[in-house]
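Residue strings, one per chain:
Number of protein chains: 2
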Amino acid sequence: MLQIHPVNSSIETWNPSIEGTILSLFDPSPQAENWEKNVDQQILKIAYQFLRQIEASSDIELPDLMAQFQEFHLPDDASSFDTYLESLTKTLIPHSIHTSSPRFIGHMTSALPHFMRPLAKLMTALNQNLVKTETAKAFTPYERQALGILHRSLYQFPDEFYDYHLQNSHSTLGMVVSGGTSANFTAIWCARNSSLGPKGDFKGIEKEGLAAALEFYGYQGQVIIGSSLMHYSFEKAADLLGIGSQGLIKIPASRHNRIDLDCLRETVAECRAQKQHIIAIVGIAGTTDSGGIDPIEEMAAIAQAAGVHFHVDAAWGGPLIFSQQHRHKLAGIEQADSVTIDAHKQLYAPMGIGMVMFQNPQLAKAIEKHACYTVREGSADLGQRSLEGSRPAMSLFLHAGLHAIGLKGYEFLIDEGIRKTQYMAEQVRLSPEFELLAEPEINLLIYRYIPEQLREFVAKGELTETQNQAIDLVNEQLQKAQRHAGKTFIARTITQTTRYGPMAIVALRAALANPLTTEADIDAVLDDQIALATQLNLGGSQF
Amino acid sequence: MLQIHPVNSSIETWNPSIEGTILSLFDPSPQAENWEKNVDQQILKIAYQFLRQIEASSDIELPDLMAQFQEFHLPDDASSFDTYLESLTKTLIPHSIHTSSPRFIGHMTSALPHFMRPLAKLMTALNQNLVKTETAKAFTPYERQALGILHRSLYQFPDEFYDYHLQNSHSTLGMVVSGGTSANFTAIWCARNSSLGPKGDFKGIEKEGLAAALEFYGYQGQVIIGSSLMHYSFEKAADLLGIGSQGLIKIPASRHNRIDLDCLRETVAECRAQKQHIIAIVGIAGTTDSGGIDPIEEMAAIAQAAGVHFHVDAAWGGPLIFSQQHRHKLAGIEQADSVTIDAHKQLYAPMGIGMVMFQNPQLAKAIEKHACYTVREGSADLGQRSLEGSRPAMSLFLHAGLHAIGLKGYEFLIDEGIRKTQYMAEQVRLSPEFELLAEPEINLLIYRYIPEQLREFVAKGELTETQNQAIDLVNEQLQKAQRHAGKTFIARTITQTTRYGPMAIVALRAALANPLTTEADIDAVLDDQIALATQLNLGGSQF
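Those protein sequences? They're chains A and B, same order as listed. The opening residue of the first sequence carries number 1 in full-length UniProt numbering; numbering runs sequentially from there. The opening residue of the second sequence carries number 1 in full-length UniProt numbering; numbering runs sequentially from there.
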């Protein structure tokens, strides 16, 4: 349990009336500054106690936690913040997940650079609203700069291109959004609107809607095509945009977790023959479950030949562009019409920032909107072309990362993550307790635990479906037990691209992005799994 | 210009190699804690210097600012954060908008309670991902609690309702989203999907898409109905969801900026006669341009009679529920199927948090999605039913506000904002230089400056269209001049609901939510406008 020392200057003591209390909460007085300085020190202490935890989480059960948050009455009278903070240190913080722990290697989180924390406070102190220049003056060109730097790293256009577009308010090199899901929505939205735009008497899908657009253009329906490993945000996009999730065509992925190109070509031809409008072809640079990378160059060529928008979801894998050793894996990404990259993943920004980048700076005009009270036509307001309206200055984290981590820093982080994943793969390969389910492409790894009685069958590659199902159950139990114990953490997924063919198999998934994770931490995670499996006698009786 | 004192312990001095540099950036070592403590103190100083600025902004021109952000090369080698922070204090911070200034009363921003800033740092230190319990254990019931408290304040269901639903993972009382735009999207998405759901052989719009849904249900098209003053996010929603912005039917608003109920009834009847599917009727509780509130109770009755989803956009006005004096203005809001409220507006949270609330805890099932690697069916994962995927623990600000401001605190804030708006309206009414364009309903005010030569015509209500257009130009110039000078700030909009009939009129708009704004500040803003208009000789020659 974290300890917290109460400070002496509590807010209520400044003034007893509600007016005084509230005004003193907002007034940037010297007393307030002094109060905040004390609270800053408390938060710093709490933060570092939290950040130093090696365990993945506490071992409290979720229902027990829920029982502590049952009150639903709004208090008439406020607590002092000191009292409130104390309650957070009792109920909330000790049972938060140690996403920065070197042994929490299951999800796409990591420790963050120290400077991100003070910047979060600065962002909130400035409290800009990026929707328009009237509420975010300098932040508008500043955010555009960060996006321009990222655009150039990705697309490598000549300098004149950036001289012209970087600060040109008619151009959109990219957008800062709340995360990869919104980035994917935005890309597909732009693709849909630009491919079903105004023509002759037809005012475009934006004005007349999807059904009218299909009728005008003579299409029988509309689809998005990608591999079966597309992120679930594309299900959401297909639903949200009126396409329907049946319109999300999932091409089988090969054992390397890459899309089957022949099948993609056939599907494109079939859709065209059946007058199904292809809104976009989606390539993946780092599948969520195993880090597979689609053959981007070939997909770009197929999309180009078909005149279809090509989007690459590089939410996870995008920062490979910073690695001399690994950027070849993304070859062809510069041919994508749009690219999703998350800053809160491998650019090491705090949760809540993703980007969508556009090859053509005019593409986002397809979703442009105006309002007389805020984003005006012809202005430099970033909110003219964006999914979200009012939004915070999260670009502070992106811009700061690009400058205070730099190319070489990001290269090191990417290279190290992949190197450590190779190490973990090797450990898994060498341990009879585990089976490697796919050769890792980047820094995501899928494997599973094998109960002792079945190891010889695995070695021979002779597992029956029933045996596989039993192993599934064991791995599900193991992952839950490990999560509950809280000492280490690995995620769980289902894979259909193993040597066992299209059979759905429960897999353990590691994500190795935290630079603080050492080989010893990886060993500890695997050892923890072996110990838990033994202790629970997992698979000990059913065979 | 803000001054910044360099700290001695710079990150690079810890280790010269790239490995050492990067690891030391992430390692929560005692040196790091000490470094961060120093940076915290610098940020606090920067923050308070910024927060104490009375002026609305610097007077730099946007093109001059853009010229400072022209670089588009990613640096090979990182700057130290100290150097980077110094650059921010030169180019970025001095030219950020003083959104917390008591004289920046044009947009929907305010000073924030002090405790929001340390909390921002805490949020980033914990860096939870609310998409699932595996990355946000205690935060899951904690966020649900904050939403439950808000739900009860709004809908006032009996205790048993909350005992059952508050922590029930099958129920969705509300969602935390990035802002009002996403909240409105989510509400319309739920309304669309639940009204065009699975039936017989039809698998529902979610699976089969919008065109198939219209065909199956025998509709000719689809519409959303609200007043002409709906926020522009509904234009986006209509486009995004495949409805098309032509499907957004805008009923004229009366002089009180309320929807014309007769016209609404006729439109509903007409749509039904023409087999146009009405996805939702939208009521507004606080229009963005003038704070008008629709007759919510009557609209709810119309929607209910027609069996149509009723959504209330209370992004701005929602917190009136906390005021005994003013909550009657929202009478009927508890009959809304869904309600949008922004926490970053009148709940005084930092930018980036809005909520959508649902009367029926099962409604959001209409947009439910799962993924084997993350949000699993039957889990408590909040990401099962949400627009966004990975997202930060912004609910920290909502929960803290509810507890450390409390009911009485929010009531005071709402009451004071409205009281000061009445004061400002009275000053405008008494000044021959200005014309009040609408009696304020809440704490938004629209008015305009009248050049001297035209004041007698205004007094008689005898302005010609040409004279009105000349006044429009004057007010546009005045608002731009005021914004540029930066001493005070008022926003600008276009209104069509004045005594001049449906003519579009340029208006100045004040938003009075900042508790630090005094009557003297209001006087200063109006005096600044009069002085600027005189100085610029606005309207001095054209009449």
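Be aware that one or more of the hints could be misleading.
[To be verified] Distance condition first, Cα-Cα at most 25 angstroms in a straight line; then the derived DMTMM-like pairs of lysine to aspartate or glutamate:
no. : chain 1 : residue 1 : chain 2 : residue 2
1   : A       : K480      : A       : E33
2   : B       : K37       : A       : E33
3   : B       : K199      : A       : D59
[What the hints assert, rightly or not] Covered, in the sense of this in silico footprint (three residues per stretch, anywhere, with C-beta under 8 angstroms from a C-beta of chain B), are these stretches of chain A:
no. : stretch
4   : 96 to 106
5   : 261 to 273
6   : 396 to 404
7   : 419 to 432
8   : 439 to 447
9   : 461 to 473
10  : 530 to 537
[What the hints assert, rightly or not] Derived list of chain B stretches under chain A, where covered just means 3 residues or more per stretch with a C-beta under 8 angstroms from a C-beta of chain A:
no. : stretch
11  : 171 to 185
12  : 251 to 258
13  : 273 to 285
14  : 478 to 484
Hint data in this document are derived by calculation from the structure and do not stem from the laboratory. None of the values given here were measured: they were computed from a predicted structure. In this text, a Cβ means the ideal position worked out from N, Cα and C, and glycines have one as well.
Fill in: Contradicted hints - numbers only
Of the numbered hints, 1, 3, 5, 7, 8, 9, 10, 12, 13, 14 do not hold.
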